[in-house]
Structures are given as C-alpha cells and as structure tokens.
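Protein chains: 2
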Amino acid sequence: MSQRPKILITNDDGISAPGIIFLSKVASAFGDIIVVAPDKPQSGMGHAITINSTIRIQKTNYHQSKIEYSCSGTPVDCVKMAVNHILDQKPDLILSGINHGSNSSINVIYSGTMSAAIEGALEGTPSIGFSLCDYSLEADFSQAEQLINQIISNALTHKMPNGICLNVNIPNINSSQLKGIKVVRQTKGNWVERFEERQDPYGRNYYWLTGEFVNFETDAVDTDEWALSNGFISIVPTQADLTAHQTIKQLKYFEV
Amino acid sequence: MSQRPKILITNDDGISAPGIIFLSKVASAFGDIIVVAPDKPQSGMGHAITINSTIRIQKTNYHQSKIEYSCSGTPVDCVKMAVNHILDQKPDLILSGINHGSNSSINVIYSGTMSAAIEGALEGTPSIGFSLCDYSLEADFSQAEQLINQIISNALTHKMPNGICLNVNIPNINSSQLKGIKVVRQTKGNWVERFEERQDPYGRNYYWLTGEFVNFETDAVDTDEWALSNGFISIVPTQADLTAHQTIKQLKYFEV
Numbered sequence: 001m002s003q004r005p006k007i008l009i010t011n012d013d014g015i016s017a018p019g020i021i022f023l024s025k026v027a028s029a030f031g032d033i034i035v036v037a038p039d040k041p042q043s044g045m046g047h048a049i050t051i052n053s054t055i056r057i058q059k060t061n062y063h064q065s066k067i068e069y070s071c072s073g074t075p076v077d078c079v080k081m082a083v084n085h086i087l088d089q090k091p092d093l094i095l096s097g098i099n100h101g102s103n104s105s106i107n108v109i110y111s112g113t114m115s116a117a118i119e120g121a122l123e124g125t126p127s128i129g130f131s132l133c134d135y136s137l138e139a140d141f142s143q144a145e146q147l148i149n150q151i152i153s154n155a156l157t158h159k160m161p162n163g164i165c166l167n168v169n170i171p172n173i174n175s176s177q178l179k180g181i182k183v184v185r186q187t188k189g190n191w192v193e194r195f196e197e198r199q200d201p202y203g204r205n206y207y208w209l210t211g212e213f214v215n216f217e218t219d220a221v222d223t224d225e226w227a228l229s230n231g232f233i234s235i236v237p238t239q240a241d242l243t244a245h246q247t248i249k250q251l252k253y254f255e256v
Numbered sequence: 001m002s003q004r005p006k007i008l009i010t011n012d013d014g015i016s017a018p019g020i021i022f023l024s025k026v027a028s029a030f031g032d033i034i035v036v037a038p039d040k041p042q043s044g045m046g047h048a049i050t051i052n053s054t055i056r057i058q059k060t061n062y063h064q065s066k067i068e069y070s071c072s073g074t075p076v077d078c079v080k081m082a083v084n085h086i087l088d089q090k091p092d093l094i095l096s097g098i099n100h101g102s103n104s105s106i107n108v109i110y111s112g113t114m115s116a117a118i119e120g121a122l123e124g125t126p127s128i129g130f131s132l133c134d135y136s137l138e139a140d141f142s143q144a145e146q147l148i149n150q151i152i153s154n155a156l157t158h159k160m161p162n163g164i165c166l167n168v169n170i171p172n173i174n175s176s177q178l179k180g181i182k183v184v185r186q187t188k189g190n191w192v193e194r195f196e197e198r199q200d201p202y203g204r205n206y207y208w209l210t211g212e213f214v215n216f217e218t219d220a221v222d223t224d225e226w227a228l229s230n231g232f233i234s235i236v237p238t239q240a241d242l243t244a245h246q247t248i249k250q251l252k253y254f255e256v
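First to last, the sequence lines map onto chains A and B. Residue numbers for the first sequence follow my numbering, so the first one is 1 and each next one is one higher. Residue numbers for the second sequence follow my numbering, so the first one is 1 and each next one is one higher.
Read the hints as simulated data drawn from the structure, not as lab findings. Be aware that a few hints might be false.
Any copy will do: because identical chains look the same in the list, a pair fits if it lies in one copy or spans two.
[Unchecked claim] Straight-line C-alpha distance at most 20 Å; calculated EDC-like pairs for lysine to aspartate or glutamate:
1) Lys188 to Asp241
2) Lys159 to Glu193
3) Lys159 to Glu255
4) Lys249 to Asp222
5) Lys25 to Glu138
6) Lys66 to Asp39
7) Lys59 to Asp39
8) Lys90 to Glu145
9) Lys179 to Asp88
10) Lys59 to Glu197
The whole structure should be built from the sequences, with the hints applied where relevant.
Next comes the structure, spelled out in structure tokens:
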C-alpha cells in the first residue's frame, strides 16, 4: 500500500476512556488514525441513533491523531458522522473499543461498541469491535497487545467478507495464560434481570437494572463463551441480517 | 384455553401515541392486556437499555387495561420491567407498536419497536412488532385491522419457534388494495446519511441526522421491501443471533 491506511476509531465508553486511548495508540502503528467518539459514556446504547434531538461535535485532543472529535451522539452516530460528514474519503478500517467489559454472547445486541462496528460494516468498511472482559476502569489492556496487533494486521492484509464485522472479546487473564484466538459463533444466552428498588429523598421509588448472565449452552465448544473460559480470545463474525432464515418456511401459515 | 391470554403491549412512540392506542384496542378482543410503554418518544433507540441512570415507572390511564405503566426507559427496558418486575407470571404474547413508520429492511436494527419484540422473544415469549409505513401522527391504522387480527389470532393458536419474533410491516394503502400477507426475509439495504448543519443563536453549529434509504436488491422477490411495494403485509421472522455463520470457516486465518 503506497499510502498509510486511514483507521477510524470510536467506542462507547467515551473519547477519554483508557480503552480507546490504548486502542488508538496500538492502531497508530498501522496507519493514520481518526478518532470520533462519544463525549460521554454510552454503554448499553445498542444500535441507537439520534433522530429526536440534535447532534454536536467538538475538536478534542486526547489522542495522537490529526483529526479528532468528540460527539454528543451515540456510538452509531459517531460512525455515521465520521464517514458521512467529517471524512473526505472512506476509512480503510474502523475500530471500536476497547470496551471495558464483555460483549460476548447476547451482550452484542446491547453493546454500543459492537453497534458502531456493525454500522461500519454496513457502510462497507472492514470493522472490528474489541472488548476486554474486565469492567474496571483500571483494566490492563496491554496483556493482549500482541494478539490485538495480529488481528489488526490480518484485517488490513486480508479482504474481509462484505457487510461483516468482527466481535473480538479478550479474556481477563495474563498474557502468559492467553492460549490464542478462536473464530467462533455467538453463544445462546440471556440475562435474568432484577430491578433494584430504591427511594429518592422525596419518597418516590426508582430502579436500577441489574441481572445475571445465563449461558444456555454450557456444553457447546464452538462458541465465544467457550473460547473465553478456555483462555482464548474469541472472534465472532457479526452482521446485521436478523432474519431467522430457517423458520421462514415453517411460518408460511401466517400467509393469506 | 380456560383463561384469557395475558398480552403485554409496548411501543417506541410513547404510551399515548395513536398507534399503541389502536393496538391495545385490537388486542383486548383476544385477551387481558397489560401496557408498559415509554413515557416519551423513543424512536431510533434500537436495543438500548438504561444502565448509567435510573428508571422510573408511573401508573397511567390511556388504555382499557387493568395494569398500565409509563416507563422512563427505552422500549427494551419496558419489556424487562414488565416481565421481571411488574408481572407475576410471563405474558402469553408480547405486542409492540403499531409504529408510526416502516421497520422493514435495515430499519429493524435501529427500531425501538422491534427491539422490544426481540427482547420479548429472548425472554421466551412469542412476540410481534407491528409498523405502518406512514410516519404521520394522523396515520390510519384501521385499514389493516382485519389482517392484524388474523396475525394475532395465528400467533396465539400456533406455537411459534422459540427465540423468534415477527417483524410485521404494513404498507400505507387502502384495505381494498391490500393483497394479503407474505412471510419473507429482511432486504439488504442501507441509509445514505446527510448531516444537515445549522447554527444555534450563539453561532455554534449543530446537526440533524437525515438520509435516504437505498435498497441493495431491487430485483429480489422474497424480501420485505418487495412484499410492501407489491401490496402485501410483510412478516420477517427475526432473532438475536448476529453471527455470520457462513463466514466462520472463511475467517479461520485469524486463529492462532
């Protein structure tokens, strides 16, 4: 490649979160980076976009990049804003994260990090969402640096299938314990929720959404949950077609 | 069935929108309805959940239902709150909508209406999201009443595949022009966005997200876009597995 690749970077924890600072540093070895990321935490925003209110952007200086904006919108807004408004040409690669916390299994549909990557793939650009299975703000992202380098390098070298992005989850273990990388499928699972009820100082109830993840297929060995609990980084090729193709014939009784 | 079915109703346009008022009226002929819906418009919220702030609920009286709450959260929060906190037992059916505007093709991933239905399916309950391809608040939902009745009746009579919900879109035409119902797949398509730039009274720029939908497969005859533009209600069986299964083998070069 005669020119250095253009790499767009975003996340859902906000433009100054340690995970995106680490990712932009790693990515800058591979190309010219552009950062457009939320101006505040946007975890759990899924594929939300801002259509009922306005969006603002602001030049910032958290990263070693020539083009850098914080954006008042969601992670998906950030990708749309970067690709359709800020940049003159499409980026060669879009990276999202590194998320503070797992986006394996069903978490993918709630994840702002992964929705940004899915949006990138929809825009026709190879995209990768990275997540570390550690919710702590002091998480150590460097443990998997070598394998993250390898994934970015592979994504720039090989042509990815069109419309597909990668959901990369990194187990929270030391580099010496990391066994490698597995390309796997999304585990079937769900959250069992509990709404924690509290009272405000004025006697009115309010709630915090909490819950426990339940793995529906603990015996499967081709899933992201299996890979993560066995010391591997998991990569799930991810796309935006939600059709349950195998059930179309079965549901023909709805036709008239 | 000895008891009347329990039907949970939600939407993303807000608990008092004409679409949900119409849907709860139609559904009440089939069972006892419970309404838990957003206290304000939540269009474009996708699968967002509220984890960085608190959630409140409030008893309301917009519908002919014994149990009815508005909720400060997203459509997905509404389903989680209803199923895990408000109700003693799982509902028999979850209905979301009727949305003011299309949720066909790629719109499904941005749609709060459909995310509520997907969440219902994840909770193990047969779920349907309804959308009318008319963004007007004065939209006429009654044109398709007979076919909506038929879909609800079918969903209560037949056992739906587990984890699947239905994405039902209704074309904006008179009942005399409606040709029937087709069970189809999600059309490949995308939005080409434009950010409309304006200035606030203080000289600072802000943006509105606008755009045009582009159908990537105008020749296909087994898609929701085809059904809608040919006078049919489209039903797409929809699920939350985002894995691009067909590409897993192809991407094994990422493994180490």
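Hint-by-hint comparison with the structure:
no.: 1; hint: Lys188 to Asp241; verdict: both (17 Å within a copy, 8 Å between copies)
no.: 2; hint: Lys159 to Glu193; verdict: neither (40 Å within a copy, 25 Å between copies)
no.: 3; hint: Lys159 to Glu255; verdict: between (40 Å within a copy, 16 Å between copies)
no.: 4; hint: Lys249 to Asp222; verdict: between (27 Å within a copy, 12 Å between copies)
no.: 5; hint: Lys25 to Glu138; verdict: within (17 Å within a copy, 52 Å between copies)
no.: 6; hint: Lys66 to Asp39; verdict: within (18 Å within a copy, 42 Å between copies)
no.: 7; hint: Lys59 to Asp39; verdict: within (11 Å within a copy, 34 Å between copies)
no.: 8; hint: Lys90 to Glu145; verdict: neither (26 Å within a copy, 45 Å between copies)
no.: 9; hint: Lys179 to Asp88; verdict: neither (41 Å within a copy, 45 Å between copies)
no.: 10; hint: Lys59 to Glu197; verdict: between (40 Å within a copy, 16 Å between copies)
When each numbered hint is compared with the structure, violations occur for hints 2, 8 and 9.
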